[in-house]
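Undergrad: I would like the entire structure built from these sequences, with the hints used as guidance.
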Amino acid sequence: GNFLVGDLIGTSGHTYRQSDAFTLETQHYPDSPHHIGDPAWPSVVLNPGSTFTSTTAYKFTTVGPGFRHSF
Numbered sequence: 001g002n003f004l005v006g007d008l009i010g011t012s013g014h015t016y017r018q019s020d021a022f023t024l025e026t027q028h029y030p031d032s033p034h035h036i037g038d039p040a041w042p043s044v045v046l047n048p049g050s051t052f053t054s055t056t057a058y059k060f061t062t063v064g065p066g067f068r069h070s071f
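All residue numbers in the sequence shown are consecutive under the numbering used here, ending with 71.
Source of the hints: derived by calculation from the structure; they are not laboratory data.
Computed from a predicted model, the values in this text were never measured in an experiment.
Where a beta carbon is used, it is the ideal one built from N, C-alpha and C, also for glycine.
Be aware that one or more of the hints could be misleading.
[Stated by the list, open to error] Label-pair ranges, simulated between beta-carbon atoms: (1) P39 <-> G10: 45 to 51 angstroms; (2) D7 <-> P42: 27 to 33 angstroms; (3) Y58 <-> D20: 37 to 43 angstroms; (4) A40 <-> R68: 36 to 42 angstroms.
TA: Structural data, given as structure tokens:
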């Protein structure tokens, strides 16, 4: 949502502003590049001709009445 600049109009006619959206992105373990060669960490190196595939599953649920967040 940080690349929204207020010039995109949604189907409902509302303007999308910065931080009005978020994205769910598949990523590798954040510190993997610092552990290349360490067998305890998955590799982030993709050699020429190799293929990388990944599956990410998201599960969304709702909470019952009376739920209060603590931000």
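Undergrad: All the hints need checking, so say for each whether the structure fits it.
TA: Here is what the structure says about each hint:
At roughly 48 angstroms, the beta carbons of P39 and G10 sit within the given window of 45 to 51 angstroms. Remark: the range hint 27 to 33 angstroms for D7 to P42 is contradicted by a beta-carbon distance near 40 angstroms. Distance hint for Y58 and D20: a CB-CB separation of about 20 angstroms, inconsistent with the stated range 37 to 43 angstroms. Checked against the given bound of 36 to 42 angstroms, the beta carbons of A40 and R68, roughly 40 angstroms apart, stay inside it.
This entry does not satisfy hints 2 and 3, going by the numbered hints stated previously.
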